[in-house]
Structures are given as C-alpha cells and as structure tokens.
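*Asks:* If you want the building blocks of each chain, they are given just below.
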Amino acid sequence: GAVVSQHPSRVICKSGTSVKIECRSLDFQATTMFWYRQFPKKSLMLMATSNEGSKATYEQGVEKDKFLINHASLTLSTLTVTSAHPEDSSFYICSARQGFLNTEAFFGQGTRLTVV
Amino acid sequence: AQTVTQSQPEMSVQEAETVTLSCTYDTSESDYYLFWYKQPPSRQMILVIRQEAYKQQNATENRFSVNFQKAAKSFSLKISDSQLGDAAMYFCAYRSGLRTSGSRLTFGEGTQLTVNP
Numbered sequence: 001g002a003v004v005s006q007h008p009s010r011v012i013c014k015s016g017t018s019v020k021i022e023c024r025s026l027d028f029q030a031t032t033m034f035w036y037r038q039f040p041k042k043s044l045m046l047m048a049t050s051n052e053g054s055k056a057t058y059e060q061g062v063e064k065d066k067f068l069i070n071h072a073s074l075t076l077s078t079l080t081v082t083s084a085h086p087e088d089s090s091f092y093i094c095s096a097r098q099g100f101l102n103t104e105a106f107f108g109q110g111t112r113l114t115v116v
Numbered sequence: 001a002q003t004v005t006q007s008q009p010e011m012s013v014q015e016a017e018t019v020t021l022s023c024t025y026d027t028s029e030s031d032y033y034l035f036w037y038k039q040p041p042s043r044q045m046i047l048v049i050r051q052e053a054y055k056q057q058n059a060t061e062n063r064f065s066v067n068f069q070k071a072a073k074s075f076s077l078k079i080s081d082s083q084l085g086d087a088a089m090y091f092c093a094y095r096s097g098l099r100t101s102g103s104r105l106t107f108g109e110g111t112q113l114t115v116n117p
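First to last, the sequence lines map onto chains X and Y.
Residue numbers for the first sequence follow this note's numbering, beginning at 1 and rising by one.
Residue numbers for the second sequence follow this note's numbering, beginning at 1 and rising by one.
Keep in mind the hints are simulated off the structure, nothing from the lab.
None of the values given here were measured: they were computed from a predicted structure.
All clues given are correct.
Calculated lysine-lysine pairs in the BS3-like style (CA-CA distance at most 25 Å, straight line):
| no. | chain 1 | residue 1 | chain 2 | residue 2 |
| --- | --- | --- | --- | --- |
| 1 | X | 41 | Y | 78 |
| 2 | X | 42 | Y | 78 |
| 3 | X | 20 | X | 42 |
So that you can see chain Y by itself, here it is in the shape it has in the complex (with noise of 0.2 Å):
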C-alpha cells in the first residue's frame, strides 16, 4: 500500500517570504499522480498544484511550485512571496495510475502553514 509522509506538522512564514513544505511517499508502481491541496479555515479542500509521475519537469503555479525527486520518492512545495492567504493546512496526496487502485487519493498527515505579517 503507498503511504504518504508530511514531517512537518506545522511552519510559519514571514509575508513575502519563501517557505517550502516537505513529502515524501512510498509505492512501487511507476504511473501516479501527486498533489498539493490547501485546506484553508473553511474546511474547503483545494487543488493547490498536481504533478505526473511521468514528467521530469517540476509543475508550477504562479507563486506555487514543487520539487519532484522521482527516486527520492519526495515531493516538496515551495510557496514563493507568500501572503496571508496562503495560511491553511496543506495536504501532499498521491494517486495511482493503475485503473484497479479506483483512483483513490492518500493523503498525507498535513502541514498546519501560519503567514505572520
């Protein structure tokens, strides 16, 4: 069974600062999917950032980016000039390719990000 690991329960972040959260996984299939949700105050889960196993380019989104290590099995999210907003819990999920897996997401434990102004 894959396992997603968050080390990093909680991390703060000066505005405009540079902050990256750590995760790393574990599977021994080839073709999956990686993401980053934020759950802000609201409880609303949403999509941050995704990432397929397959491509060695790093996705990015505007200030979002992510450091895909494929044989590290780590994949870490950098949130460049960060601002309020971005405070929220942030989840690292994964997703099997496989068509058997029911296309379930593993979520990590969760990284509690606080933005301090």
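Isolated chain X (complex conformation) (with noise of 0.2 Å):
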C-alpha cells in the first residue's frame, strides 16, 4: 500500500508554545487528508478534513484557532497547535487518500504530542 510519513513521533512541549506536525504521502498525491486524535484507549475523533489548496473543514467543536491545519500541496499537509497546554497533550494521527474514488486511507505513523 501507499505510505504516509508522519513528523515528528513523539514531542515534548512546553505550555504557551506552538508546535507542528508534518503528514507526507511520499509515494501518491494526497488531495484529501485527515487529521485525528486519539486518547489512550480509545477511538480515533476526527479533528477535521483538508483539501489542497483550500481552507480545512473542522468538526463541531474543534477550535479551528488553536489546531491551525494547512495543505498547501498536494502530498504535505500540517497541523500546528498553538498556544498549547497540558490538556492537548494527546496522540495525533494524519490519514490521506489519492482521489474521492479510490476508497482507501492510509495512515501516518501518528505523533504523540506531551505539553509539559
């Protein structure tokens, strides 16, 4: 199957900083690509859906102001948290898919995200 690199896997950061998750497709082009998170346990909540080229499509209750999401080509997708804090502290994990039509999704390696 396709694969989606994700950047980095793990980070520590401290409260009030920002920090940035890089979602690649190295080997197809990504035209829609999804954000998630997951809590220990649990399941994956979609955090919201980005197309190249456009603005991202958030879910009812994610603060599109502090988790910043940009898909600027069409195999790079990014999501920045800002101003973070310990309550963001979570697994974070990209999937992308090549075209409406082909159905499946491939997933990043996920990022887990510490705010200290």
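Mind docking these for me? Both chains are given alone in their own frames, and the hints should help you get the complex.
*Replies:* As structure tokens, this is what we get:
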C-alpha cells in the first residue's frame, strides 16, 4: 500500500508554545488529508478534513484557531497546535486519500504530543 | 449521522482458534463502505479488510473474513487460526459513498483483542 509519513513521532513542548506536526504522502498525491486525535484506549476522533489548496473543514467542537491545518501541496499537510496546554496532550494521527474514488485511506504512524 | 458500534471492549482467543468481533452501524444511505482496521501497540493503523455495501459476497483476506448482513446493519470480523501477532485494537469503520460526505471515516469504539499462547 501507499506510504504516509508523519513527523515527529514524539514531541514534548512547554505550555504556551506552538508545535507543528507534518503529514506527507510519499508515493502518491493526496487530494484529501484527515487529522484525528486519539486518547488512550479510545477511538479515533476526526478533527478536520483538508483538501489541497483550500481551507480545512473542522469538526464541531474543534477550535480552528487552536489547531491550524494547512494543506499547501498534494503531498503535505501540517497541523499546528498553537498555545499548547497540558490538555492538548494526546496522540494525533493523519491519514491521506488519493482521490474520492479510491476507497482506502492510508495512515501515518501518529505523533505523541506531551505538553508540560 | 452515521454511527458505528462495537459492543465488545475486550475479547480474548487462544492461539490457533477462531474469534469473531462484532460491529453494527446505523445509516440511511444505500451506498457506503465498511472497514476493519487493526491498531497494534505501535499505534500504526493497518487496514485489515474492506467491504463495499453493494457487494453481496462477504470479503475475505487470508485468515480474515467478514459476515456482512446489510439488512441487519451488521459487519462482524472473523479471525481464523489466530496468531500472537493478531493481538491489537480492532476498529470497525464506516465511509459514506456520497461525495458530499468528504469521504471521512466514522470509527467504532474499538475491541481490544488478546491472543493467548
């Protein structure tokens, strides 16, 4: 299957700072990318959907000013957690899809964010 | 809105035995896709099997097969000849066939599978 690379795999940041997570599709062009948040032993919660070159669509309850998503190219989407707080600590996962007709979404390895 | 329910938070199976994980979903749509994903301790999401709603034949991938009951909105996963490497969290997921849905996945709560040697 296609490869989606997410970086970094782990990051620790101080409260009040911002941290950027990258999601890259290595061998295909991702017209759509998704960002999820996962709490321990819980399911994946969709945060937002981003399409290349347009603004992301955020799920209800997700603060768009806090979780900035940019999908500037067909192979890269970024999630920036701004003014991070300890409650933002979580596991963040991205996935990418090549096109609507392609039913499979490929997942990145995830990023463990710890805010201290 | 579509919902996906996995009623078994935890399951266990003996190595080489067969186990079935349950999943039900609720939708008013006729065109959709269903998936089972595996998330091992590494947290990497791995697609196990997928089923198109318009197909009557149950999908099969080696030791993994599904029992898709469209009228009952049920989509169970059977793992045959269980192996230690099958131990993971398993998520059932739904995807609408409508373009307006944005091709998002809706996940169930997950079932933690333990394989005992």
